[in-house]
Amino acid sequence: MSDAASIRALGIDAGSTTMKMVGVDAEGALVWHALEEMDPRIEAQAERLLDVVRADGCPDSLPLIATGYGRRLITRADRKVTEITCHARGVHRELGHGGTLIDIGGQDSKVIVVSEEGKVVNFSMNDKCAAGTGRFLEVVSGRLRMPMDAFADTALAADGEVGISSTCTVFAESEMISLLAHGAPVERIVRGLHRSLVQRVSALARGAGLRPPVMLSGGVARSRAIRTLLAETLRQEIVLPRHPQLMGAYGAALLALGA
Amino acid sequence: MAPPNPPLVPRRDEVIRRHRSSGGRLAAVLPIHYSRAVFRAHRMLPVEVWGPPGIDTSPGDAHLQSYTCGIVRSSLAFVLSGGLDVADIIVVPHGCDSLQGLGSVLLDFAKPRQPVATLYVPRGPRSASVVFLAEELRALSRRLSEISGIEPTLDELRQAIAREESADRALADLLDARPHLPFADADFYRVARAREYLPAEDFEPLARAMLAERVAAKRPGIPVVLSGLVPEPMNFLGAVADAGGVIVGDDLACLGRRRYAPGRSDDPWKHLAESLLDAPPDSTRGSSTADRLAWIEKLATDSGAKAVVFYLVKFCEPELFYLPQLRQGLEERGLKSVVIETDIAESLSHQAVTRLEALLESVS
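Protein chains in written order, with my numbering: chain A, 1 to 259; chain B, 1 to 364.
If we strip away everything but chain B, and leave its shape as in the complex, we get:
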């Protein structure tokens, strides 16, 4: 039986144009962790910038050293070439040293036409982390007020949080149901990653429409967990399918590591901070190797995966630091893995496909 058609996902530029034409404001947000509800409480749509892939990075290269990752390199080039002119503010969360450096370049040197704000997400579990991050989110909100002219009440913030949490639940359900959703990986990721730019109320129906197609049988193919930052270039997903693989578990920073569960506190700022800090283990939040290993193993066990593909953006230090111990730990647990490094500005190499195929051959 032919797989069902995936829900039609509005294009990013259409969403931006529609939002703009209705008088809405726009925030360009770089990876990885931030609270969408804070922006929405200001009637501002956060649209994420993961590069974008496949653009000429030369406009920003002079600001950066050679071994800077493609996400930062492309983002800076995109800003400098006017790609983010549509945004009212650029927000750079502190995901890693390179992103922090990008924040500095934008604030102190490149100076785009719109204001730039940073967000410091604490690394590692510390008792003060929730209080610190809650204050960071408050500070961000104050900055957004300068642009939006809105000072959201706590009730308005709570309503925004409720909408986002509902969409987050839909995303988590999608990820959990992945082995039983009869869609090609490229279609699945197109829908799931629409969370990066769609308003929560538009994303949730898409996710639920996909979930409605859930079937009892698992998708045929060699099941793997995908780990890393972002599935770019996206034709990698086609390469997985061509090699007989199916992605059944997701540990990507852009997706699976942002399964945000609701916070615990009544105070909405602490509630948001808890939600971000309690997300699945992530290299950019300084999670321990043991926690990351346990999480990836759980993803594999729950989904029946036979192997793990670490699909990395070249020069991504936070990801690379963990790899030897993660791979050894997975091997000790009977899970094979492979590392595939790519540059989001380049096409998928033959060698990358060979690595993937060799892994799948070794577990089939």
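Here chain A stands alone, though its shape is the one from the complex:
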């Protein structure tokens, strides 16, 4: 029996940059997943992923919950649930405890205080500008022509950092160009850019009422530099689930299962 054959519920996270689908078995274990770059035709992409999981042997007519900013477009879903509730549920199940979950996604960042029972106690969102989101890193790393992995490694290898004072992604990019023109070392600028994002997210976390341990999910959680600087700024160990990018879809699948 393939893993897909044991799926009893599905979750789809239609995020701003990627679409994730997760299948869970009867016990709520994550047994199948897919992750793709986001297609503007959200519903068609969701249908395609459903075809993929069925082709893998997943039974038909399973409960399905959609989350993420494109959730409303997934008409096949039995229910639409916010990514806040889904991330909290997914991370709680994965890590087995509450705390403060920081989810840095492509379009926004969220801080979710999760109870020991896995319920959302409080949350805070940065959804007004790109600063403090994955998009910020994409823009500035693209301007420096560095792949994301190299971007993070460069930040960690720096022997110092240059402060970035702009609170806007576009102005931060301009500031970066100005610093380069004045001969500031690239490594220090890159570290400063990471610090800038971390400071914004940390302020959000403190505003929501930081409750240890700090957990991280979302695509940006893959950045070692962000994890390191976040731990340094918040003076907290950062706990990471196995699949940080899948936690929204996983939580959705768990809710669909009724787990």
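In short, the hints are calculated from the structure, not lab data. Nothing here was measured: the structure is a model prediction, and the numbers come from that model. We treat Cβ as the ideally placed atom computed from N, Cα and C, and that holds for glycine. Incorrect hints may appear among the rest.
[As the list claims (entries may be wrong)] Simulated crosslink set (BS3-like; lysine-lysine; CA at most 25 Å straight-line):
hint : chain 1 : residue 1 : chain 2 : residue 2
1    : B       : K336      : B       : K306
2    : A       : K119      : B       : K306
3    : A       : K119      : A       : K80
4    : B       : K336      : B       : K218
5    : B       : K270      : B       : K306
6    : B       : K218      : B       : K270
7    : B       : K218      : B       : K298
8    : B       : K218      : B       : K306
9    : B       : K336      : A       : K119
10   : A       : K80       : B       : K306
11   : A       : K80       : B       : K336
[Claimed, not checked] Between beta-carbon pairs, the in silico distance windows are:
hint : chain 1 : residue 1 : chain 2 : residue 2 : range
12   : A       : A231      : B       : G54       : 18 to 28 Å
13   : B       : R11       : A       : A26       : 49 to 59 Å
14   : A       : G163      : B       : A62       : 45 to 55 Å
15   : A       : H97       : B       : F321      : 28 to 38 Å
16   : B       : P125      : A       : G96       : 47 to 57 Å
17   : A       : A29       : B       : P220      : 35 to 45 Å
Could you slot chain B onto chain A? The hints should help.
Quick look at chain B alone, frame taken from chain A:
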């Protein structure tokens, strides 16, 4: 069973046209606290200007700094583009620094064709507040006399006060009965907010018609208290319903914080001042955090609300100042809350809806 049809609410422009065609004068009044009776004693209809929402604000932008709220920004643009030309006077109560600034811009710089009057509503409870505000209302009345040619007698003023107090009671009854009124929130607010422009004698029958539909059962859904200034953009109310919520308590500056009870004094001017100053706690009148917290908690307790939605106009400093302590206090009392900031000139964002839905999911 299908919900009853809400009473038909006359449109604002129809009301203005009708009033004008009968020879009546019109005052455009900005938020928030003022006495309608003073205007009515001058046979003048006060019509409130909360923006209006959804208009191009660029005509007034050059007068204002970037972080000015949408109500002030839209109001100034509306004046400059001739939207208030129908009014005989523009009255700007001192609700906040931005509104006070708007008064200055209108008086000293933009200078619309009609006269502009300001009204200083004292902040915080002080022994001199009633006397001061009573004198402000007298001064406003003198200014209105210059336009209306009427100097109301005290009896005429008392009659106007009685009409307004009767309408205020109907509004308060509506707010109290909200959990038991089987109308969609959008319909409820359409009727309740008609108080902003309808004459008292026209508003009261509408309110009473809605109250006549009261049922024993509470409306189904996740009950919430709505706090903030004004429910704009109004499609937010539809978003609450779509997310499974029902608004059962109102702490909006345009509505619930204007539950004016009758004043105590025999002197009608002091009577009016007391009525305004004794209204529910409000950020724009400098009420204490403790008073605001107690009031919102009471609204939640009385209505059975599970959460509070702070629906704020972006850059509204008086509201923002209170939020951390209010939210913490509510949390300590077991009430979750969320802050949703919007601009009345913009449409409701997806992110705002997500915040609302996440709150309702967390209490359901």
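Against the structure, the hints come out as follows:
For the proposed pair K336 (chain B) and K306 (chain B), the alpha carbon gap of about 7 Å is at most 25 Å, so the pair holds. Restraint check for K119 (chain A) and K306 (chain B): satisfied, since their Cα atoms lie roughly 15 Å apart, inside the 25 Å limit. For the hint linking K119 (chain A) to K80 (chain A), the alpha-carbon distance of about 17 Å falls within 25 Å, and the restraint holds. At most 25 Å may separate the alpha-carbon atoms for a hinted pair to count; K336 (chain B) and K218 (chain B) meet this at roughly 21 Å.
Proximity of K270 (chain B) to K306 (chain B) is assessed by CA-CA distance (about 38 Å); at most 25 Å being required, the pair is judged violated. A distance of roughly 39 Å separates the Cα atoms of K218 (chain B) and K270 (chain B); the hinted pair therefore is violated under the 25 Å criterion. Restraint check: the Cα-Cα separation between K218 (chain B) and K298 (chain B) comes to about 18 Å, which is no more than 25 Å; the hinted pair holds. Taking the CA atoms of K218 (chain B) and K306 (chain B), the gap is near 14 Å; set against the 25 Å cutoff, the hint holds.
Distance check on the hinted pair: K336 (chain B) and K119 (chain A) sit about 12 Å apart at the alpha-carbon level, within 25 Å; holds. A threshold of 25 Å between alpha carbons decides the hint, and for K80 (chain A) with K306 (chain B) the separation of about 21 Å falls inside it, so the pair holds. Straight-line distance between C-alpha atoms of K80 (chain A) and K336 (chain B) comes to about 21 Å, which keeps the hinted pair within the 25 Å bound. Distance hint for A231 (chain A) and G54 (chain B): a CB-CB separation of about 46 Å, inconsistent with the stated range 18 to 28 Å.
Range check, R11 (chain B) to A26 (chain A): about 58 Å between beta-carbon atoms, so the 49 to 59 Å window is met. At roughly 34 Å, the beta carbons of G163 (chain A) and A62 (chain B) sit outside the given window of 45 to 55 Å. Separation of H97 (chain A) from F321 (chain B) is about 36 Å and conforms to the stated range, judged on CB atoms against 28 to 38 Å. Under the hint 47 to 57 Å, the C-beta atoms of P125 (chain B) and G96 (chain A), about 52 Å apart, fit the expected range.
At about 36 Å, the CB distance of A29 (chain A) to P220 (chain B) agrees with the hint of 35 to 45 Å.
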